[in-house]
Structure formats: C-alpha cells, structure tokens
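> The two chains are supplied separately, each in an independent frame; assemble them into the complex guided by the hints.
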Amino acid sequence: MKNFFLRITGVVIVGLIVLNLFVVISGIVISDEINNFEQKTDKLHKANLTLEKEVANLSSLQFAQIQAQKYDFTNSSLPQYIDQLKYAYR
Amino acid sequence: MKIKFIFLLFIGFYIAIIVRLFFLQVIYSPASKSLYLKTNKLYPVRGRIYDQKNQSLVLNQNSYQLYVEPKKVEDKDKLLNLLSKSLEIDEASISAKLDMTKYWVAIANGLTQEQKDKLDNLNLKGIGFDYQTKRFYPEASLSAHILGFLGKDNQNEDIGYLGLEGFYDRDLRGLPGFVETERDILGRPILIGVQQRVEAEDGRDLILTIDKNVQEISKKKLLEGLEKYQAKKGCVITADPKTMAIISLVCLPDYDLEKYYLFNENFYKNLAISDLYEPGSVFKPLIVAAALEEKKIKPDETYNETGQVAVGEYNIKTWNDKYEGKISMTRILEKSSNVGMVYIGEKLGNKNISKYLQKYGFGQNTGIDLEGEAGGYLKPTAEWYPIDYATVTFGQGIAVTPIQMIRAFASIINGGYLMKPYVVQKIISKNKTTEIKPKIERRIVSQLTSDIIRKMLVSTVENAEAKWDRPKGFAIGGKTGTAQVPIKGIYDASKTIASFIGFAPANDPKFLTFVVLYEPKSSQWGSETAAPLFFEIAKQLIVYYNISPNR
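Which chain is which? The protein sequence lines are A and B, in order. Here this note's numbering is used: the first residue of the first sequence is 1, the next is one more, and so on. Here this note's numbering is used: the first residue of the second sequence is 1001, the next is one more, and so on.
Treat the hints as calculated values from the structure; they're not laboratory data. There is no bait here: all hints are sound.
What follows is a set of in silico ranges between Cβ atoms, one per label pair, in the way DEER data are often shown:
1) B:1078 - A:59: 40 to 46 angstroms
2) A:70 - B:1093: 37 to 43 angstroms
3) B:1019 - A:13: 21 to 27 angstroms
4) A:67 - B:1462: 38 to 44 angstroms
Quick reminder that beta carbons are idealized off the backbone N, C-alpha and C, glycines included.
So here's chain B without its partners, still in its complex pose (with noise of 0.2 angstroms):
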C-alpha cells in the first residue's frame, strides 16, 4: 500500500512537472524565452584609414554612451547637478532629455573611459554605460575634407558622411554579427542549451595615395597663403601626373572632424571636388595642345599681335592691353595673351574645341573616389555663340572644378593619357587585399605633343611677365590664371580667383600641383599671388622627394 503510494505521488510529481514544462515552453514559449535567451549583436570594427605609408589618419577608439533608468532614480535634482558638473554639459540639456516617465534614456554620447571612471565614482543610482567605439583622428583635421565625417542616420546607426567615409562607407561599416546564447540567473551560459554565434565582420581599412608630410606641407603653406594674400579660401592639390593619384589635398577653410556639428555646412563642402569656377589663363594649354595635336600650329609658328580682337560686338584684349607684334605660340603662353589664344582658337575651329573639351572631361565627373564630387555642366555645341568659342580658349565662359582642371592638365604633361583621379590605393580586408591600379580613361594627345607642350610650359614660367623666386637648378613648367567671377552675370574685376598650375621635375613630372586663391586682395592676379605659394610648395616638396637639380 505504502509503495503503491509513494510510486503515485512520484507520478502525480511528475506529471505536474510535464504539464509546468508544456507551459513554459510551448504555451508561454516568447515570454520565457527572453529570460534565458539571450540575443546579443555583435558590432563590427569600422575600417581603419592610412596615408600611403601606413601612417594613420583614422582609428577607432574606446567610448561610451550614458544611459539614465529614470524608475531607479533617486533624487533627479541631485543627479542632474552631477552629471552637468562633470561632463560639463549644461543641466538644462540634460534635464530635457532626462523625461521620467520612460524606462531608459540615453543621455550623452563619445564619453571617454575617464569621464566613464569618474561617473562610477559617484555611485549614482540609475546611470549605466554601453560600450561604443567613435573615430579618432591622430593628425586631427589635417584632412579633413578627404575623411569626411562619422554621424548617424535616422535610425540613430553610424553612417559615414562626405569624403572617404561617405563614398566607402558600406566597406568601412563591415557587417555586424550577433550571439545567441542560454543563460542561467547569474548570467552564465548554460552549456546545453543554445549557442549560436555569427560573427561579425569589421570593416575594411583603407590605404590612401595621400602623403601626410605634403599634406601637412600643403596646409600650412596654403595656411600661410591665405592670410599674406588676404584669400576668401584656397585649395591645394598635389597628384602624380602619370597618375593621377592624389597626394595631397587641402581646401581651407575646413572643419574640426572631432566637433563636426559645430560648423556650418558650408565648412563640409569640399572646393576641390565641388565648387565650379571659371579657370582662366590655366586653361590655356589644354587649347594650346589641343591645337598642336591637331597640327594647326607649331611652337615656333608667329602671331601678329597688334591690338584687340572683335568678335561680334565684344573686343578681346591682353590683361594689361600691350602688344609685341609678332610673337611665337610659345611666347602666347609667356605672356598669357588672350588675343593670342583667340587666333588659335580660331585655327583649331570650333567642332574641335567642342571635342578636346569634352575629350578633356569637363562637364563630367572625374570618378575621384569621394563623395560629394559634382561634375559641372557643359552647354551643347548648339548653344555656344562666336563669343563663347573666343573666351573658352582662355578659361573664360566654362565653369570647372579643381579636379577637372589637374586632372586635364595632367593628360597634357603625362604623355597623353586622361587618367581617373584616386585617392584609395588598398582595401584591405580580412582574408583579401584588392589594390586600386591607375586607370587611364582614353588618350587625348600623342607623347609628341606632350612633350613639346611640357617645354613651352617650362619657357612660360622662365620668361613670364611675373619673376618669381623660383628654386634654382630645377626645371619647372606652369602656367598662372587670374579668372574674373561673375556675378549676376556681369564680371566684377576687383573679384578674382587667382591659380597657378605647375610641375617639377619638367622632363619626368614627379609631382603636379594645383593652387588656386579665391578673392585674394593683396593683388587681383594669380603670377603674384597663387603662383608665389605654389614656388613655396614646390621648394619643399623638391627637397622631400629628393629630386636632384638638373639644369
């Protein structure tokens, strides 16, 4: 009797237990779940970016986000006394956010592990941390504008802005994980239950074609610029001609990356790659060897300079209204004379200018690996008149960008080829490393043309109107430009921006670089403004690339 009892309530237990099991597990299975299962995800490691010699110009860094539990708060007035205190935030901000009916708020992010420390010293009730990573920048806003910024979607998710973090972002991101796992009250695995995990995959790094030493050269120079020349802003960009792989880049005024929302977005824009301008005299030798090419001049060929030209009912004339009779095509360039480029101009013809234009890749994007690119507008042959044909061979009446002009001065001076300006070299990821190789887009002109174009553009600069301090022994080509900007459609002269376009060494470019001063005030004009700070650019980076005197 006593056995057929205890063997009864042994089944009675057992049944109970079955039937609390079939409730938890299959009845009230969600509700259950999520106090033993626990689903974790796992963030990846945004890509690391470089400069091209493993120097780096972004990393991530230890951070933490501050979250308040309102219900477990004790004494808010206390609290919010506290948290202002020592994250130096204003408690009103703090306050504002801080709404008590809600079960979790998030109260400030980016907090380092001292400001973390000195918060768990206070042994405040209701505050709590999650662990972040945020970019840290050791060369700070050195590039700024090449980096772009780390700011957040709507959805409150890291997304990269501008630069190099918008255009990569999806290979910066990489791509996040998660971990599934059963745990026990204290927060333990629990061995045989479920244990799934995914891991996360960080984001690829990023090596650059960019130098931080010029890059560094190139901003404080362009720094020392725009103060001695009164300068609105400037860019300065400097490329490997052969191919087009930029070595530095710098637009000032610029942004800090670290407190990115403190500035305007104007400060984001990047000139270099968006800003649309009338090139000016620069743009002379794009016609000068447009024309060579298609052999309707030669160097040595002579132009009657007389006077001012008429086209239509406007006059064409040189920038200080002197002329020297006959001059050679070569001395056009000297002299940067406007009336000189309308004769080749005219002996090139007009369907050829449409094309070497568009040969050139104006009024398109050039590619340039950064976001925020824009390409610029090219009006259709049928909408040029006589006038347009006239002051497009000096620059004037087409609007460009920085990135457009170096790119299609590059093409005349490297042989012929317009390449895909770059500014990523490698993508490195776990297990693949893929290298970006220089493309060339198409051939403009032959290695004849560029050579001889590359000598006139050295005798340009030895026998400009303009003397500069040049770096003795050293063979240098370039060409200034002085554009007018108009304005409600009417050119205001006292507005200009000055440029200066030039290489060294001249017989084997190793570096092209392009400087361009927007309403510089000191002097309207680019031989004496822009083109001092590139001579002060290429002094340093003629000792830094250790090149040799060759003349």
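The shape of chain A in the complex, shown without the other chains (with noise of 0.2 angstroms):
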C-alpha cells in the first residue's frame, strides 16, 4: 500500500514537472510569437505610411505637371459648348 502511495506520488510529481515544462515552453513559444507580431504589425504601420507617401505624390498636382511637360501637354485648349450652338460653331 506504501509503495503503491510513492509511485503514485512519483507520477504525480513527474507528470508536474512535464507539465510545468511543458507551460513554461508554450509560454516563451507564445512571448516570441507576441514579439514577432508586434514587429510585423510596427513594420506594416512604416510600410503603409512609405506606400500612403508614394500614392500621394503620384496622384500629386507636382507629378502631374512633369508628367505633362513629359509628354508635351502644356496648352490647355478652349472649350466647345455645345448647349448653346453659337459658341460651338465658331
């Protein structure tokens, strides 16, 4: 009856120990998961403001203008009404 206490009480305390390594291990996997993702999520934050910057200044009125110059677009022409005939057919 005592040897069968110890043995029981021997698997008790190995499967705690197991178990603490096991809770100690999962806890620094998850730690350095937390780290990954708040790198990943700090990095995303700089990529979107470079990628926010690069859409403003392509869709600016500065790129606009080389661009124009680029390809020669640099005089507007006149308008033709057409709502009021006399304007269009001149």
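As structure tokens, then:
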C-alpha cells in the first residue's frame, strides 16, 4: 500500500514537472510569437505610411505637371460649348 | 534522521525564497518593478488633411530621432566627423549638443529611413534611433497659410501652430495610449504577468472645402500678378458665395512648410484673415445694397454729379476729378464716383450706416476655422465725425480684413445671407464622421435687393471706365477698389492697395473671387492690376467649373 502510494506520488510529481515544462516552453513560444507580431505590425505600419506617401506623390499636381511636360501637354485648349450652338460654331 | 535533515533543508530553502520574494516584492518593490515591468507610451497617429476631392494635402511619414549615449562613445572626434558628414550638419552644432557628462542626448530629429540606414551601416557605438512620425506635404507649400505647421511646445511635444494645424490641434492630435507588460530578461512578454494595454486614439482626419486645383490656379496666377504688377504682396480668396465655403485661399509671400523654422515670423501671417486694411471702392456695393434695402434709393434714380462735395472742412472728389452731371445709382458704381457715394450715404443716414456696418460683421471675427484671425476694430458711433460717415461710403476710414470683405460681399449677392466662412467640411474619426454645414449668421438684405445689386455689379463690369480682357459670353459681376495706405495718419498717394472682387456666372454665382494686391508699382489702380488678374483667374475657373456661356 505504502509502495503504491509512493509510486503514485512519484508519477504525479513527474507529471507535474512535465506539465510545468510544457507550460514554460509554451509561454516562451507564445511570447516569441507576440514579439514577432509586434514587430510585424510595426513594420506594416511603417510600410503603410511609405506607400501612402508614394500614392500621394503620384497623385500630386507636381507629378502631373512633370508628366504633362514630359508628354508635351503644356497648352490647354479652349472648350467647345454645345448647349448654346452659336459658341460651338465659332 | 536523513529524511528529517532533507525535510529541514527543504523548509530552509523555501523560507529563504519567501524572504527573498518579500524583499523583492514588498521592500524593494519600485526598484525591482522597473526591471521587468515595462510601460510604453503609445503615440497616436496625427490626423491627415485632405482637400474637397479627398486628395491629400497633409500626411504622416516615418522619421527617426537620432540620439547618442555619451558614456558608450569610444571616439568622440570620429563620431562627430561621421555624423556631420552623414547628416550634413555642421560639426560644431553637433558638438554643442553632445554633453559627455549625460547618459542620453538627442542630436537630430526628422531623419528619413535612408539617413537612418546610412548611419546604421557605419556601426557607430553609442548611437541609437527613436521612431517618430513627421508631417508630409504632397503639394509642398501650395496651401501653407491654410494648413499651418506642426512645431514643438516647451515640453518638446508636437503642437500645431496657425491655420488648421493650430485651430484643429486637439482633433488632429488624438489621445495617447500606453502598454504595460511584464517582460523577461530577453524582453519577451511574461504571459502570466501584468499585461495592460490602452490603445491610442488616432487623431481625426479633416476634409476641407479647399479644392487643390483652384488653389493651384490661384497661386500660379497670383505669383504671375505679383511679378507683372510689381506688388509687394497679395492674396486671392475664392469662395462659394452661397455657403461661404472657402474654395481657395492663397497669400504671397508664403513659406516652406517643411522648413518653416528658416522663415521669419512675418511670413507665417495669413494676410487674408489677419491683415487690416482700408478696402476702398470694393466697399461701395455694400452701402448701395443697404440704401436699396432701406428703400432710400432706386437703381434708376438720378444724382446730379456737378463737382467736389464739401464735408466739414474736407472736399471730396472723384478719382479723376471729372463729373458727368445727371447719373443713375448704377452709374455711380460703374464710374466708382466718391461724390455719388457721399450722396447715397446721406440718403441712407448715419444711423443706418452704423447699423449696416455692424450687420455686415465688420469689427468682429468672422469665426473662420483658421488660427490667427484678427477681428479689427469698429469705433463706437459716438466717436464718428461727419467726415467718417462720408468716407466710409467709399471704403476709406474703416479697417477690414479680406475675409470680412468677401463675406460681406457674398451676403449681397447670395440672396442676403451673411454666412460664416469655413474651411473644414468633415471631421472623420474612427467611428464617426461629423459634417460641418454652412451656417447662416443673419439676413442682411432681401432677395430683391440682392437681385438688383447683382445686375448693377454686372453693369459695373461691362460699363466700367477701364476695359478688360473678359471671358466672352459670360455675365460677370464685380467691383474694383483702390485704397490709399495711411502712414502715420497721412495717406501716401504712391502706396495703394489695389483690389477686385467679382463673381460668375452673375445669375447664379458659382464662385466669388477676391484679389488684393499690396502696393503695386506698375499702376496704383485696382482697375489696372487686380482686375486683370481677377479675369485671368476667372477664365480658368469658368473652364474648370464647366460653366457654359449665358449671353
């Protein structure tokens, strides 16, 4: 009976040690993941700002002007009005 | 015996642990806490600013603060030399900041990713970087005076100055959050420890009434105008006269938003909202509208313009000292007759003049949502002399800001409503969009008076003494102004403020544009400087707004 009790106690202690190891290792793994996600979020945030800047640059008037000069679109033509035909015929 | 010994050893061991924990957690608690409990401030992202078509005017970009930990620096001279070369900053100014007795010194703010990478590659000991964001302006300084800039307060915290950055600083700034976590020796979070996170609330985005294309047209034309007419400075304001939503607001000279600190404070001043000046003849339609509203005059009523008019000891004359005899009220505006305006002023009466000046909102802030507005000063009626009532009818002897002037003018052409001018039409936060609607302050004149004055102003443009290169087929209303500048109480005839205020199309105005040129040298007259500049802008706006000819 005594031996049985000692064995059970031993098994429980070993089980608890294994469980403890598992919890500690899981904690470390999850902590690493949290760290990774934090870094990735940070990276994404920075990349987002960089992309936002690039998009804004491409839709800026300055960029449009550079492109217009590049393709020689420098003279604006006057509109033709068709709702009052006397102007359209001019 | 052996078992007892091991048992006592265990007990002793546990007691030692408990005592140690007691010391760590209770007695030395604050000191030990900082070793594993890390609290970081979470900075909110400052709100962005967009124009009426959701085109970005102000964004945020990545940036870094360079710091040095002097105690870890091995070779100070080498460090200074390399930092100076990489950052293109004078070695002496870095040296002045680098106090070797301190543990941490900030050296430079606003470094780009490229600059940071370059410094990282040098493998210098004792330097580090803190992440920050800084403002980015895709359209450079197109709207410098509207936007304002982001500077630092005395605690080195970001704070908006002037324009929208100043006025909406609280909305744009957002609320900081914090994260408190227990970390192990490698900096990883301890899952069973304290994990507290209060998210930062990002700043609100602003959607403006400004159209960056109109802003670009105005700025380009104003720049050309300043050179052509050799004016000292100038402003162009365009608004929707029905709502007083500001579509563009440009004053030159302005400043570089990215390098605002290189400019003198005078460049920061937004003349359109803070500069008081005597408006001159652009003021006349306001008095005419008041007289029409009070039924003191009719548009076709005549006045006998025979010569100079004496008011007390002063003689008032027309700008060219020429007189046409019997002229209508409309003709008074067309030829911008000062003596005719004195007649209208007399018919309107001093009490009514004072009443309407108040009603038009002179001497008060318009309440425009830009920081830095000046309301001006309207002296009490008890201090007015007869000559003051006479000169105010043609816009002398009263100080107004350009924004007050355009607002008052809008009220006489939009059906009579004095509107509150505004620049922001939407404030967008994470969960809510707040729309800012046009606000009627009060009604000044009736629809009928407004219709009459619009027709009179079209006639003023078409029959003015100066002939302009106007867009053909369009009814445009407007009025010129040439105000002399008082210097130490005396008007200097050579220095004037030339202006033109006009709108199109006249029957249902889509835009109202006010052009002011300070001290033009090519000609002192508004009709020869500000007016042609207005028509240059109007030609482009008519095409931009797709307004078809109506006559």
